[in-house]
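K.L.:
As a plain string of letters, each chain reads:
Protein chains: 2
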Amino acid sequence: MHGNDATSLITAMAARARAASATLAAMPSDTKRAALRAGAAEIRAAADAILAANARDMAAGEAHGLTPALLDRLRLDTGRVEAMAAGIEAVAALDDPVGDTINEVRRPNGLVLRRVRIPIGVIGIIYESRPNVTADAGVLCAMSGNAAILRGGSEAIHSNRAIHAALAKGLAAGGMPADAVQLVPTTDRAAVGAMLKAEGAIDMIVPRGGKSLVARVQQEARVPVLAHLDGLCHTYVHSAADPEMAQSLALNAKMRRTGICGATETLLIDTGFADPKPILAALADAGCELRGDAGVQALDARVRPAAPEDWDTEYLDAILSVKLVDGLDAAMEHIARHGSHHTDAIITEDATAAERFLNTVDSAIVMWNASTQFADGGEFGLGAEIGISTGRLHARGPVALEGLTTYKWVVRGTGQARP
Amino acid sequence: MHGNDATSLITAMAARARAASATLAAMPSDTKRAALRAGAAEIRAAADAILAANARDMAAGEAHGLTPALLDRLRLDTGRVEAMAAGIEAVAALDDPVGDTINEVRRPNGLVLRRVRIPIGVIGIIYESRPNVTADAGVLCAMSGNAAILRGGSEAIHSNRAIHAALAKGLAAGGMPADAVQLVPTTDRAAVGAMLKAEGAIDMIVPRGGKSLVARVQQEARVPVLAHLDGLCHTYVHSAADPEMAQSLALNAKMRRTGICGATETLLIDTGFADPKPILAALADAGCELRGDAGVQALDARVRPAAPEDWDTEYLDAILSVKLVDGLDAAMEHIARHGSHHTDAIITEDATAAERFLNTVDSAIVMWNASTQFADGGEFGLGAEIGISTGRLHARGPVALEGLTTYKWVVRGTGQARP
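Top to bottom, those sequences are chains E and Z.
Under numbering that gives the first Met the number 0, read the first sequence as residues 0 to 418, first letter to last.
Under numbering that gives the first Met the number 0, read the second sequence as residues 0 to 418, first letter to last.
Think of the hints as simulated: they come from the structure by calculation, not from any bench.
Check before you lean on any hint, since a few could be wrong.
Heads up, the list lumps identical chains together, so a pair's fine if it works in one copy or across two of them.
Computed list of lysine to any residue pairs in SDA-like fashion (alpha-carbon distance at most 25 Å, straight line) [what the hints assert, rightly or not]:
1) K276 to R417
2) K196 to R336
3) K210 to Y314
4) K196 to A62
5) K196 to A14
6) K210 to E88
7) K196 to D229
8) K210 to A226
9) K210 to H393
10) K196 to K210
11) K196 to R215
12) K196 to V222
13) K196 to E219
14) K210 to A85
15) K210 to A306
16) K168 to A82
17) K210 to Y406
18) K210 to V222
19) K276 to T413
20) K196 to H337
21) K276 to G414
22) K196 to A335
So that you can see chain E by itself, here it is in the shape it has in the complex (with noise of 0.2 Å):
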């Protein structure tokens, strides 16, 4: 496909998506649950079909070596196909943003203002290998009274294919426009240029992927980008934590899941802390590998050395840097210089340090006595979530339907004309 096809594709989408984002936008909310509640009954519907199309993604996967991890996000099962259905009939359960006043003012001269959330219009959606995106990501967009144009990988093309008709024929059926959700039907990479340059067409992107799609999308995009980048996440064992607290949060930040961004990546231990060796061993003993500057090597002898770049790696795996400081201003530092924004926690029962922890640390989550596994929408109870923000703009930490709306001013008057 040339560029010139591709954008030519894009602009047809994307002028078919703002023709059906006007009518989503007026939609009421009980229109737009029962719409995606269609649309969960028909992925049920087309389980098999879907479970289909999925064997073939797959078998082309091994064929093309693709690694075990890749394969597993790719793969979907009866159970994946059901969490899909739930998962959008748990969106259609959500609170729906559009309509509602943000703050009314009264002026002087008798004007009325109300900021009303509105949807932001048309949404993109780059996305990677897992094809549970293309409902997750769609009726996210459509509950909150977007259109959405998703762009799967092509690894998932037949599965996503198979999800989105399933999709699509839901939400019709249950009165949203047929292109409420669109799915761009090539595979070919220029038409990931083309939506990142169709400024004024597409309202936002959003990728959903590793980091060198996002820092891609960063790159090239004309477009605004609610983007995720690294979570280089930190647990602070502050001089004060309790030290039972403090290993099990640390144990649990770390391990309970590795690869996802709100894993902790880095353990800081305050040289005040009475007893760091317990929790050292408890990590190594759960198989965690761990790479320390000289004075944590000293306390346990599983601590292999640290090299100046693990305090800016984002592991993703079975593996946590330590490094000792000394005091709360010197973890802060250490954040600043080395964290992404992302999620940051103190283990301490001093609430004044904990309070400075809170306000100085500038990432999108901080937290006190919590694991930085939480950093998730779900967990926010924000009933799903699209992404997770490390940009400062619009929306920052997990972004569901909220996040997908902007406001207008609306101004009632009787006749005001401005002196």
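Since chain E is already given, all that's left is putting chain Z on it; use the hints.
P.N.:
Showing chain Z alone in chain E's frame:
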């Protein structure tokens, strides 16, 4: 100045701004207010020096043949210096959004999540000939806890330096970091390019100026931009409009001040509206050039034929394009095709038609029975504005302190690990 030198300069300024922003973010509201008031006092005390510097800029501007309009924007006098100082005091009196809790959630597991407003960080302002922006934009950033990097037009460099010197002296005396508000010392355009590419070092760029400046910024920027592009505003006189109100609002919306972004550029008159002639007569009598379609030309001999590009032109002058439209849908369709998503108004006594207009028209500001000239942060009760955003993300319409903030998620636990 070579591009590399410009990059070094901006990198160094941004690093100082980042350090200052950490201090600013933690400053209590009253300390910020006191520092702003000290800044206002220093501006008043330095009035003679500011006026002398401005005289140098004016002389150079006249020698370089600046247009009368540009010279008027550049010109300061005692009244304008006093207005600048009073404007700073007005910002010092605004509600401080920093630290506000947007919402709070208590999860079943006992975690308490709070979304808390915080400053964005480092904000770059790129502006043209109005030297008062140095003070206005600088203090809006500082009051919202952000460090500012100001880059004004070369024609105003002496005025800007004098204003900045006084302001910075006052802010520092009031306890703000010396680098809270910095002025780019060079007039070299390479500095603008370096600011636009300072991704990660500058968090947001606000361009303040004409269309060509904003277009350049949007084209080149890698840093997120809070941009105000066109103000192609419409006033639609519905069939059920009160004739007197329609005449008063059409006149005010176009002619009160023709050079502001909220000025109406196109008047849409419903074919069902009983008596359009007095409106056209009043506008023409007030000195407004009218350009209309054939139907409008038939109503008043002073109406000239409109060319197709008139419907897409932001005149910023005493010129108005006028079109007869066949009902509400035709009016909204015209606005969708030709508008700039800034401000659009309907004049009607029919509440159903009005609500449909307010819901459907996709503009930052939609109005019912009010003059589009109210599109202004001061008139909206925001106390000031750094600009009017015509983008869809982060902030829309008039932007003041709240639009210069973002938020963080603050999570307080009691040792919760994620199951």
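K.L.:
Look at each hint and say if it fits the structure.
P.N.:
Hint-by-hint comparison with the structure:
1. Taking identical chains as interchangeable, the C-alpha atoms of K276 and R417 lie at most 25 Å apart only when they sit on different chains, with a minimum of 23 Å there against 71 Å within one chain.
2. For the homomeric pair K196 and R336, the shortest alpha-carbon distance between copies (21 Å) is at most 25 Å, but the shortest distance inside one copy (33 Å) is not.
3. In the homo-oligomer, the alpha carbons of K210 and Y314 lie at most 25 Å apart inside one protomer (12 Å), although the nearest pairing across protomers, at 46 Å, exceeds that limit.
4. Within a single copy, K196 and A62 get their C-alpha atoms no closer than 33 Å, and across copies no closer than 43 Å, so neither meets the 25 Å cut-off.
5. Taking identical chains as interchangeable, the C-alpha atoms of K196 and A14 lie at most 25 Å apart only when both belong to the same chain, with a minimum of 14 Å there against 31 Å between chains.
6. Taking identical chains as interchangeable, the C-alpha atoms of K210 and E88 are never at most 25 Å apart, the minima being 30 Å within one chain and 46 Å between chains.
7. For a Cα distance limit of 25 Å, the shortest separation of K196 from D229 qualifies both inside one copy, at 24 Å, and across copies, at 21 Å.
8. Only within a single protomer do K210 and A226 lie at most 25 Å apart by alpha-carbon distance; the minimum there is 10 Å, versus 28 Å between protomers.
9. In this assembly of identical chains, the alpha carbons of K210 and H393 lie at most 25 Å apart whether taken from the same copy (21 Å) or from different copies (24 Å).
10. Taking the shortest alpha-carbon separations for K196 and K210, both the intra-copy value of 20 Å and the inter-copy value of 21 Å come in at or below 25 Å.
11. When the C-alpha separation of K196 and R215 is checked against a cutoff of 25 Å, the pair qualifies both within a copy, at 12 Å, and between copies, at 16 Å.
12. Taking the shortest alpha-carbon separations for K196 and V222, both the intra-copy value of 6 Å and the inter-copy value of 16 Å come in at or below 25 Å.
13. Taking the shortest alpha-carbon separations for K196 and E219, both the intra-copy value of 8 Å and the inter-copy value of 13 Å come in at or below 25 Å.
14. In this homomeric assembly, K210 and A85 never come within 25 Å of each other (Cα to Cα): the closest approach is 29 Å inside a single copy and 49 Å across copies.
15. Proximity of K210 and A306 under a CA criterion of 25 Å is satisfied intra-copy only: 21 Å inside one chain copy versus 50 Å between copies.
16. For the homomeric pair K168 and A82, the shortest alpha-carbon distance inside one copy (19 Å) is at most 25 Å, but the shortest distance between copies (61 Å) is not.
17. Taking the shortest alpha-carbon separations for K210 and Y406, only the inter-copy value of 24 Å comes in at or below 25 Å, while the best intra-copy value is 31 Å.
18. In this assembly of identical chains, K210 and V222 lie within 25 Å of each other by CA distance both inside one copy and across copies; the values are 19 Å within and 19 Å between.
19. In this assembly of identical chains, K276 and T413 lie within 25 Å of each other by CA distance solely across copies; the values are 22 Å between and 72 Å within a copy.
20. Taking the closest pair of Cα atoms, K196 and H337 come within 25 Å of each other only across two copies (22 Å); inside a single copy the shortest separation is 32 Å, beyond that limit.
21. With identical chains, the CA atoms of K276 and G414 are at most 25 Å apart between copies only, with a shortest distance of 19 Å across copies and 74 Å within one.
22. In this assembly of identical chains, the alpha carbons of K196 and A335 lie at most 25 Å apart only when taken from different copies (22 Å versus 33 Å within one copy).
Of the numbered hints listed earlier, those contradicted by the structure are 4, 6 and 14.
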